[in-house]
Structure formats: C-alpha cells, structure tokens
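Visitor: The primary structure of each chain is shown beneath.
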Amino acid sequence: MPSATLLGQALVSGLLAGGLYGLLAFGLSLSWGLLRLVNLAHFALALLGAYLTYQLGHVLHWPPWLAAAAIVPAFFALGVALHVVLRHFRVTELTSLLVTFGLAVILESVIQWFWTADYRRYETPYASASLRIGPFFIPVLELLACLTAAALACATWAWLRFTYVGKALRAAAEDAAIAGAFGVNHRRHAFVLSGVSAAYAGVAGVFIALISTLAPAQIWAWLGVVFAVVIIGGLGNPVGALLAGFLIGVSESVTMAVAAPAWAPLVSFSILIGILVLRPERV
Amino acid sequence: MSERWRLIAGVLGTGVALAGLPLLGLPAFYESVLYLVFHWIALATSWSLLSGYAGYFSFGHGAFFGAGVYTTTTLAAMYGVPFLATLPVAASVAALLSAGIGVVVFRVKRLRGELFGLLTLAITFVLGTIVLNTRLDGGPGVYLSNVPLPRLVASPTGTFYLLALGLATVTVAGACLVTRARLGLGLYAIHDDEDVAEVEGVPTFAYKLVAFALSAAVAGVAGGIHAMYVSYVTVGDTFSITVPLYVVLMSVLGGARHWLGPAVGATVITASLYAFTGGEQALLGRALVALILIAAILVVPEGIVPTVLARVRRARAQPREAATTPAPALPRVEGAALECHDVWKAFGGIEALRGVSLTVGRGEIVGLVGPNGSGKTTLINVISGHYAIDRGRITLGATVLSERPAHRIAGLGVSRTYQIPRPFAHGSALDNVALAATFGAARRTPREARAEAHAWLEFTGLARRAAALPHELNLHERKFLELARALAGRPRVILLDEVLSGLNPGEIASAISLLREIRARGVAILFVEHVMRAVLELSDRVVVLNEGEVIAAGTPHEAMRAPRVVDVYLGKGHVVA
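Line by line, the protein sequences are chains A and B. Residue numbers 80 to 362, in the working numbering, belong to the letters of the first sequence in order. Residue numbers 12 to 588, in the working numbering, belong to the letters of the second sequence in order.
Think of the hints as simulated: they come from the structure by calculation, not from any bench. In this text the structure is predicted, and so the values were computed from the model without any measurement. Beta carbons are placed, not taken as given, at the ideal position from N, Cα and C, and that holds for glycine. One or more of the hints may lead you astray.
[Said to hold, decoys possible] Partial chain A-side listing against chain B, Cβ under 10 Å, derived:
| id | residue |
| --- | --- |
| 1 | THR171 |
| 2 | THR174 |
| 3 | THR203 |
| 4 | PHE306 |
| 5 | ILE352 |
[Unchecked claim] Counterexamples of contact, computed for chain B against chain A with all Cβ distances above 12 Å:
| id | residue |
| --- | --- |
| 6 | TRP16 |
| 7 | LEU35 |
| 8 | ILE112 |
| 9 | ARG123 |
| 10 | LEU129 |
| 11 | GLY139 |
| 12 | GLY150 |
| 13 | LEU160 |
| 14 | PRO161 |
| 15 | GLY296 |
| 16 | SER413 |
| 17 | GLU469 |
| 18 | LEU547 |
| 19 | PRO574 |
| 20 | ARG575 |
| 21 | VAL579 |
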C-alpha cells in the first residue's frame, strides 16, 4: 500500500489531468449533445492546435499567449467551415462518426508530414515551475489548464442556460423541426456552436503543447478516455464533463499509484461500460 | 438451381480458382499483399453480419480479432499446440466472448447505434489492458517464430494466402447464405425497426446473439492466422483502433447491407494502401484512403455495391421483382378466442390499465373505444407482448400469452397493426409482407412466404405496388400495407390500432368490407377506432375504456348509450336522467 503522501499526490495529479480531459471533452460533448454529430476529428484538431503552438512558440518564438490568440479564432473559423460541409451533405449521427474519422486520419497524416513522427517538446521556462503546498507539488501549467477548464465549463454552462442562442440550441437539440416552427434559426446557431467546439479544441491544443510531449499518434490515445468523460458527464453538459474528467483523472492516477500504470485504462473504460449498461438513459 | 445456390456456387468457384495462384510462383510480396486482401475481406464481411445487416455498429471487432490472436499465440507458443488446431479454439473463444457480451448488452434497449459502438470499443481496450497485464502477454509481446508452420504449399506466404483465401471464401459464401435465409431477413428487419420485428415474430434477441457469435468466430480465426503471419504479437498492435476502424470503413465503402459489399470495400482499400508503400508514400496512401472514405460516405452513403446494383437495375428498367406469379389461394385460419382477465399495467406511477377484462370470440369483431389516454393502445401493446403486464392473465384459446416474449406471441397467432404505420423502411411492400409471412404463426421458407405475400397484397389491393418502397406509398397504402402485413402472419387474432384514421370516406368503406372478409375467415378482431361510423357498423360488441378501466361493454348501441360513456365523452350535463 503506498503512503498517504503518495496517494495525496496521485489525487492532485489526477485532478489536474482531469482538467485537461475536461478541456478536450467540452467541444465533443457540445457537438454530440446539441448538434447530434460525433466529431472524432476533435482530437486531431486539438493535436493540430498543439503542433501549431509548438511551431509558433518553439520555432518562431512567439509567446504562448500570442499563439493562443492566433489559434483560437482560426479554429473557430475551421469549426464553422467543417459544419458547412457536414450540413451540405446532411450527415447523420452515425455517418458523422465515419466522416470525421476520415478527417482525423487526414489531419494525422498532415501533422506527420510537417512535423514527422518524432517526438516534439515545446520547452518553456514555466514547464518545470510548480507550487508546493504542504507535501504536494502542483505544476503551474497544469493548474492553469485546470483553472481554464473550470472557467470555460462555467462560462459555457451560463451561455447555454441564459442566452438566447444557448436556449435556442438546446430547444433545437430536443426537436429541430418544432424549434424551427417557433422561429428558432437552428442552422445559424449550429455554425456558432461548431465554431465554439473547434475553438475549445484549440484551447486544449495550446495546453497540450505546453504540458506534454507531442507525437501524431496521440490522437488515438485520448479517444477512449475522452469519450468516457463525455458520456459520464452527460452530452451537451460542460460542467458534467469537467466533473467526469476529474473522476476519471483521479481514478486513473490512483490506480497507477496503487496498482501499476499499465492498469490505468481499465478504470475509465470499466466506468464507461458500467454506465452504458446500467444507465443508458443518461446518454 | 435457385439464385441463392448459383451465387454461392459462384463464390466457392472463385475461391477454388484463386487457390491455384501459388502454383504460378508469384514473388512472395504479391502473395503477402493478397493474403492481406483476403484477411480483410474475412474480417469486414464477418463484421457486417451483425453490424451491417442488423445495424448494430460495433467498434469492437478488434476485441474478437485480438481474442483469436492471443488464443493462438498462447496455445501455440506457450503450450506447443499445433498451429492449425488452435484455430477452432480461437473461433470458440471469440464466439463465447461475444455471446457473453451480447447476453448482457442486448437486453438493454437503448444500447444501439453510437452507444453500442462506444461500448464495444471500450470492451476492446479493457480486454487489451487485461492481456497486457497478465501472463497472456505481460508487456513485451510474444514471439511465435518457434511455432512450426504446416506447409500447404512450398512457400510460407503461399500457405498464409491459402488460409486467408479459405476463410474469406467460406465467410463470403456464408454471408450470402445468411442474407437469403430467415436469419438474414430477421436481421434486416431488426435494422429497420427492432420492436416491430419482434412483434412480427422475429426472435430478435436470439438472432442478434447468433449473428454476433458468428461474426466474432470468423474474426477469431482471422486473428489466429494473423498471429502466425506476423509471428510477433503485441497488445499495442493487436487491440489498436486499426482493426475496428478499417472493417467499418471497408464495409461502409462497399455497402454494409450487401453480402458482397464488405469484400469489395476491403479489396479497394487494401489494394490502394499497397499501391503506396514505403515512407512518405505510405503516409500519402493513408490520407488518400481517408479521403476516399469521406467522399464515399458523402456521395454514396449506401456503399458501392448497392449503388452500382441500383444503377444497373435502373438501366435495364427492370422492376425490382416481377409481380406476375399467380397469387396462391389465401390460407384459411383457425380462429381462437382472446381473453384478457384482470390485466394491470403501470408505467412508474401512472396506471395505464387497471384490471381490464374482455374477450374476443372466434370470428367476432370487438370495437375498443375510449378517450385519448384511456389505455387502448397500451392494451394492444400488452396483448402483443411489447410490454409485460404487472398482474392478470391474457390467453389465446387454451394458451397463456402473458409472460411470453413478443415473437412467441406472434408465432402463436397474434398480429397487430400500428396507428402510425411502421413499415421496414429498406424493404419493398412485398418484402414487408413476406417478412411477416416468414416469421408469423405458420412456419414457411422465405420463398413460400414471398408467394403468399403476393396473395395478401392482392387481397388488400396493393398488388400493383409490390415493388414500391414504403416512402413511395401514400398514407392509405401504408395503412393497408400494415393490414396486409398483419394478415400475412396468419393470425388467429388480429389487433388493429386505428387503421381507419386519416382515410377518406371511400377508403374507409373499402377497409370496412376488407375487415368483414377477414372476419369471415374465422379471425377474431379487436379494433381500436375513433371513427364511430365504422365502430357501429362493424362491431359485434363494443368495449369502452376510460382511465384504464372498462366502463361499458355490450352491443354497439347499448355500450355507447351507457350513462358513464355519455358522461366521459360529452360531460355530465348531457346524461339523460
């Protein structure tokens, strides 16, 4: 049995990792829950965002915040463009999965073409900075990612809950035809939402570049965990996604500390399977 | 020789002809590429058995493939079992695994579509993690280089080619057989509307389980062969995203609902992947395949094979099936009395049926009326077995119906129609009726069922529309299609849920004479209806439901004049003292 300090540290790093999972899950959860489109390309977009951050920061020496300021709006535009295509071809929930899978493979190839399959690391002065609270170490960048995730979750929740566009999106997700009959311009709002989802992929990408080492195949590494987070959190529910991210992050890191790192995936997937079989009406 | 056996003979003949290829002494590289083509044909075709035909999109094919890989690896590399002897075991392990998953998952109604896909993907990763952390692998991977390979021909690559070719041939021939047998028809019906399929008599649970197990067994054998082919297996490569995504891609590209579609898709994709080999070209090849996938799904969402077949048919201007075979005489059926005794059904706190008792005798028409929400449709749903009742008993003649699954009830001779017609969207009018005839009370082969379906279409005046797809029919025709489908099950009792609503007076008149004819054949009819003229004209007796209780029963005029009925329909003030 590991010591209390080790467990505590596992808890802390689990929460921080969970923040990043949440950040990756937001866009997926929104487009699945409110547009009924399952966007596998979301992971690829996030990784593309990470590589762009690396390129702008490591090669062109832009400060990270400037890179973020350039990437996030550009990704918003990408998201809108993606939705234009998906709408034009009347893509359904199931076919969206296949089309965006294809897109993810293409993006993976593009990334590998430009940056090769070698590992890339964006070295910043903050990378090793960490706070020390009692016996626990808290890496500053991961804390920042986690706080950003929390802020975005709350802002998105409020946006969906209180603004006209948010209410219209939720109404259209329930029944697009009826919402349309009441004057909701579902299509225009869908473009906004798709843009926002992609912009969140950009935000996640910036943090991924700052925190971790990059390799093109990482796209697939996140797939299972983030889907688990999205489903456990409830579709279209950013706060739920963040909490689910914490849950998965902590259960993974505690498993790593108690058993072995290699057992970690078992936890998130078992939770996902359990929820799907026992509470399918949640999704 | 029927079309089915001609096709299967064609597949087997092609397989035998291709088996001669190693004799040509091709370079090993070509044999390897061809091995991969047939490897993927077997995997993609087996995937489509459940996922293509029944629409249960699985992303878990990698789990069954992986189960096969590690069964062969463990038995051959660690216990010295001869390689070929491990393959049946690999098939069994994979089939048992899928059946175990299916027994749990197929009971949960909502686990369809993308949820089933995610669930199966998650199972793949769980299985991978377990293999990685146990003695089966342990982390570093396992070598099979010491396992002796039996030589079918001189070269090892030729041997692998023949093994994969054999598996692919058997799988494609099997898929062809399935699509033309009861199993395939049932799976297609599940794809379009699982609830209706069950009520029409398709044993949906058993069929899904069988399709899942067959599909996994083939994947298991393919895995076993592939373990030997790569001769060094790792968890990372085996339980990766590659297998599930490639089989989905290949099947969807070729046409997942057609027996030959996945084979075509697999050939196109494997061949184009190998057109680009080495370094940057491979990268380009992968991107190109992804691009093909996107284009194919956006432009030919049904897949290559069905799209091409449809084009060819249209070019020949041939009807989908000539409706010229003379309709056989309609079979007479032995009616039976339906009895509901003190039936209760609650949904959460809402009691939809509160002790309903009624009988419908042989050759009797009983009208079931009542305000909206009074429990009429719920009663039909519990009689047909769609919902289980909480208390009470429903019998047909001497047989107890309640507590049997819906498909068994259909088999005992209970048919129903839906208020809003629910035809199987991908089948023609004839296919729809033939399905009910195949799975209804009398057991018939699909071919006999088709002949009989013609007769029922003629009976309901739809013979001209036999080849039409449901979305091409108007409301009146779809209502009559519902009726034809219900009759094709050779029911002893038929439950009609508002067959007349939305029809014009002329159509109602023809429907009424149709119902009289049905009754004359000895069938007991329970019909829910709001069109009062028809109720009064047709019913021998009328039962009035309100808030889940029978408030009046008797001849049409007695029942409709009962004070409580007038009260419910018009309000208290109108009751004549």
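Visitor: Now tell me, hint by hint, if it's right for this structure.
Guide: Quick rundown of the hints versus the structure:
| no. | hint | result |
| --- | --- | --- |
| 1 | THR171 | 9 Å, holds |
| 2 | THR174 | 5 Å, holds |
| 3 | THR203 | 29 Å, violated |
| 4 | PHE306 | 6 Å, holds |
| 5 | ILE352 | 5 Å, holds |
| 6 | TRP16 | 34 Å, holds |
| 7 | LEU35 | 35 Å, holds |
| 8 | ILE112 | 10 Å, violated |
| 9 | ARG123 | 9 Å, violated |
| 10 | LEU129 | 6 Å, violated |
| 11 | GLY139 | 8 Å, violated |
| 12 | GLY150 | 7 Å, violated |
| 13 | LEU160 | 31 Å, holds |
| 14 | PRO161 | 35 Å, holds |
| 15 | GLY296 | 9 Å, violated |
| 16 | SER413 | 26 Å, holds |
| 17 | GLU469 | 37 Å, holds |
| 18 | LEU547 | 37 Å, holds |
| 19 | PRO574 | 40 Å, holds |
| 20 | ARG575 | 37 Å, holds |
| 21 | VAL579 | 31 Å, holds |
Of the hints listed earlier, those the structure fails to meet are numbers 3, 8, 9, 10, 11, 12 and 15, in rising order.
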